[in-house]
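Engineer: Chain by chain, the residues:
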Amino acid sequence: MLPIEHYLFLSLALFIIGVIGVVTRRNVIVVLMSIELILNAVNINLAAFSRLYGDVAGQVFALFIIADAAAEAAVGLGIIIAFFRNRETVLADEMDLLKW
Amino acid sequence: MLDKVLFYFFAGIAVASAALMVTRRNVVHSAIFLITALLATAGIFLQLRAEFLFIVQIILYVGGIMVLFVFVIMLVNLDVALQQMQFARQKWVALIVALALAGQVGVMFWTSGKMPGQGLPVLTAVAANRLPLNSEAVAKSLFDSYLLPFEIASVLLLVAMIGAVVMAKKRA
Amino acid sequence: MNATLQATLEFLKLYWAPLLCGVAVVAILPLIVGYIVLVERKIMADMQARLGPMRVGPHGLLQPIADAVKLLIKEDIIPEHADKLVFWLAPVLSVGAGLLSLAGLAIGPAFQIAQDINIGILFVVGISALGIFGIVLGGWASNSHYSLMGALRSSAQLVSYETAAGMALVSALLFTGTLNVKSIVEAQSKEGIWFVLLAPVAFFTYLVASIAETNRAPFDLPEAESELVAGYMTEFSGFRWSLYFLAEYTNMIVVASVATTLFLGGWLRPFAGVSWLNFLDFVPPLVLIAIGAYCVLRVTKQPTRVQQLFMLAVAGLCFVVALVLAAPVVLPVIKPSLREAVAPFYAGIHGGFWFIFKVSLYIYFFMWLRFTIPRYRFDQLMRLGWHFLIPLSIINVLLVGVALIAGAYFQLHGWGLLLVTTPAAILALVAAFLILAIEKQHDARQEQTAPSDFYAG
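Those sequence lines, one after another, are chains A, B and C.
The first sequence begins at 1 in the numbering used here and counts up by one.
The second sequence begins at 101 in the numbering used here and counts up by one.
The third sequence begins at 273 in the numbering used here and counts up by one.
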């Protein structure tokens with residue numbers, strides 16, 4: 001295993017790119033994909049520390065995060081499809097039905 | 101040596117794919133780059149000797165979630181020319197947030213070196229050939245210590261499945 | 273520089289055997305796939321009372337080479353407005369996933385590319401699931417409605433039957449307690465009984481699910497010629513199409529190998545543990561000598577000189593293989609002191625033979641089904657997967673688990689486990705058919721009350 005800093009920097013880089021994607025993009029599907037990237041960054045962090053401390057609990061928690069990401073992606077994409085059927089758009093700017 | 105080569109290979113692919121993913125105009129290209137980023141992350145897991153996590157990442161994340169994404173993208177595929185303005189007013193917010201995060205971690209590393217005795221703990225990982233069998237260890241931990249979260253996760257997945265079906269169903 | 277060179281040399285010293293196996297597989301696989309296609313055409317011809325390819329080479333034996341050359345020199349047509357990057361990437365993904373999953377399989381105890389992986393069989397199943405992207409992206413990149421529909425249908429079918437296949441594998445893995453490929457076969461050797469007898473419902477489920485996973489008939493609606501032209505493969509011509517073809521037959525080999533490893537005893541001879549049946553070891557070389565003798569008999573019946581020589585060559589090949597197979601079993605009989613020296617060769621060669629034999633049987637069954645049973649309609653296909661196979665496989669997992677606990681309580685081993693697993697299998701089938709019957713009743717009642725919906729199903 002390499003020194004832990006390597007994995008932390010990689011995780012940080014992916015996290016930052018994910019945050020930039022979430023904040024910047026208009027297409028809601030790309031926003032969801034950036035959220036998946038953020039979750040992956042967290043998983044790398046957990047797996048690296050699990051290897052460092054020799055405790056497999058980190059990997060178990062990463063498994064739960066993957067399961068959770070699957071649930072969230074399914075529900076999120078269902079919402080997007082339902083919205084698309086009504087409004088024919090997937091751009092975040094145009095989803096303004098609740099604006100005054 | 102092999103560890104280093106593998107890490108830099110997978111890390112490079114992961115960061116490059118992630119950067120490409122958030123900048124592509126075509127959503128399908130973004131999805132493909134996310135797939136490569138996820139595969140590279142799986143490679144990092146393998147390099148960390150987390151074999152079960154590696155294969156779960158490939159089966160669930162790449163083979164499940166990304167297939168779902170690609171399906172939905174093809175269902176809602178609008179004319180690409182509509183999406184020109186990608187990086188609108190919020191790009192400065194994004195830059196500030198990114199710099200804040202990077203700065204925070206940088207300060208942590210910098211001060212941990214400066215103050216003696218208060219730095220990151222220097223641990224050495226167990227040698228790779230003395231690790232327990234990964235699947236067995238994960239299974240033992242999952243069904244021994246973390247049984248309740250496991251059951252809750254399965255209920256969560258059931259709820260999500262029902263929710264997704266209800267939301268995406270055609271109104272009769 | 274010196275450090276990297278030394279590190280590379282050390283890597284090669286450690287891993288030269290798997291690397292060589294990998295290179296051999298990637299180099300030989302297209303040829304093998306070509307000849308599997310020829311075998312399929314000959315079997316198809318035989319079942320349709322005709323002869324099949326006979327022109328190219330004696331008895332059509334050079335047909336695959338002619339086909340390969342033709343496909344390679346065909347013009348590469350890319351549809352207008354097709355996404356060039358994805359169009360190039362899609363077949364590569366399919367082939368890559370198929371070839372990579374071959375790495376985890378053990379053909380005989382000596383031949384395994386990725387040796388001793390902890391997650392063995394899960395690696396094979398998971399990586400072969402990546403082939404879905406090749407299909408979906410290929411259909412999308414073709415920039416054609418029919419290709420996209422075919423791709424979405426095909427990938428929906430693959431995803432639906434993946435769960436059933438996985439659950440079927442789980443109920444067989446309950447007997448082994450490990451995912452390691454070699455340990456699975458060793459567990460079958462230890463129990464003395466193949467898991468196909470201990471978990472027949474799981475084998476049946478995996479059989480049906482693997483036919484659907486590889487898009488073979490009767491589940492080949494997405495790529496049948498009379499439907500949607502050729503589905504997602506329509507716009508791919510020449511070499512790209514041959515890559516998809518290679519991917520399909522590689523997937524067939526992979527699912528056959530997984531089923532063989534998990535259910536049919538891998539590389540074990542039938543009745544491997546029973547020592548008074550050891551004369552069965554002589555069956556492989558004797559069968560090959562018989563085939564060689566038959567070829568020699570038919571030499572004089574060939575019309576031309578070239579075909580006669582070719583028949584002689586085939587007979588010679590059979591005799592050589594028979595010699596290779598006979599050596600490890602005949603030498604210990606002649607000179608008993610050689611028994612330990614010859615044992616690893618026996619295990620490797622005969623193990624490889626039995627594994628390939630069982631895989632061939634499984635693939636022959638695929639081909640047999642293809643030319644016998646009519647095609648399933650898409651909604652019937654999805655109904656079969658979701659409404660029958662998934663409940664069946666999940667109930668089977670539960671019941672096999674209960675049966676194993678009962679077996680451990682009564683301390684049953686080997687063939688004794690049949691006492692508990694057979695009732696479990698029967699119960700699982702009964703439960704699944706009950707679910708189907710209740711659904712049918714429910715549907716019949718709904719049809720009486722609901723207005724006709726043309727898009728139902």
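Read the hints as simulated data drawn from the structure, not as lab findings.
Please note that a few of the clues may not be correct.
Said to hold, decoys possible - Keeping only pairs whose Cα atoms sit at most 30 angstroms apart, straight-line, the calculated BS3-like set for lysine-lysine is:
| no. | chain 1 | residue 1 | chain 2 | residue 2 |
| --- | --- | --- | --- | --- |
| 1 | C | K342 | C | K314 |
| 2 | B | K240 | C | K346 |
| 3 | C | K346 | C | K356 |
| 4 | B | K240 | C | K454 |
| 5 | B | K240 | A | K99 |
Stated by the list, open to error - Now the stretches of chain B that chain A is said to cover, found in silico as 3 or more residues with beta-carbon under 8 angstroms:
| no. | stretch |
| --- | --- |
| 6 | 112-121 |
| 7 | 128-142 |
| 8 | 146-153 |
| 9 | 157-170 |
| 10 | 195-201 |
| 11 | 251-261 |
| 12 | 264-271 |
These figures come from a predicted structure and were not determined experimentally.
Every residue, glycine too, gets a C-beta built ideally from N, C-alpha and C.
Engineer: Determine for every hint whether it applies to the structure shown.
Structural biologist: Results of checking the hints against the structure:
Proposed proximity of C:K342 and C:K314 is supported: the alpha carbons are some 20 angstroms apart, at most 30 angstroms. Between the alpha carbons of B:K240 and C:K346 the distance comes to roughly 55 angstroms, so the proposed pair goes past 30 angstroms and is violated. Taking the CA atoms of C:K346 and C:K356, the gap is near 18 angstroms; set against the 30 angstroms cutoff, the hint holds. Annotation: proposed proximity of B:K240 to C:K454 holds, straight-line Cα distance about 22 angstroms (limit 30 angstroms).
Our distance criterion of 30 angstroms between C-alpha atoms is broken by B:K240 and A:K99, whose separation comes to about 50 angstroms. Against chain A, the stretch 112-121 of chain B contributes 5 residues with a C-beta closer than 8 angstroms to a partner C-beta. That satisfies the three-residue criterion, and the hint holds. With a threshold of 8 angstroms between beta carbons, the proposed coverage of the stretch 128-142 of chain B by chain A holds, since 6 of its residues qualify and at least three are required. Beta-carbon proximity to chain A at under 8 angstroms applies to 5 residues in the stretch 146-153 of chain B; the threshold of 3 is reached and the given coverage holds.
A stretch counts as covered by a chain when three or more of its residues have a beta carbon under 8 angstroms from one of that chain; for the stretch 157-170 of chain B and chain A the count is 7, and the coverage holds. With a cut-off of 8 angstroms between beta carbons, the stretch 195-201 of chain B has 4 residues touching chain A; three or more are needed, and the interface restraint holds. Requiring three or more residues with a Cβ within less than 8 angstroms of a Cβ of chain A, the coverage given for the stretch 251-261 of chain B holds, as 6 such residues are present. Here the stretch 264-271 of chain B counts 5 residues with a CB under 8 angstroms from a CB of chain A, which clears the bar of 3, and the coverage holds.
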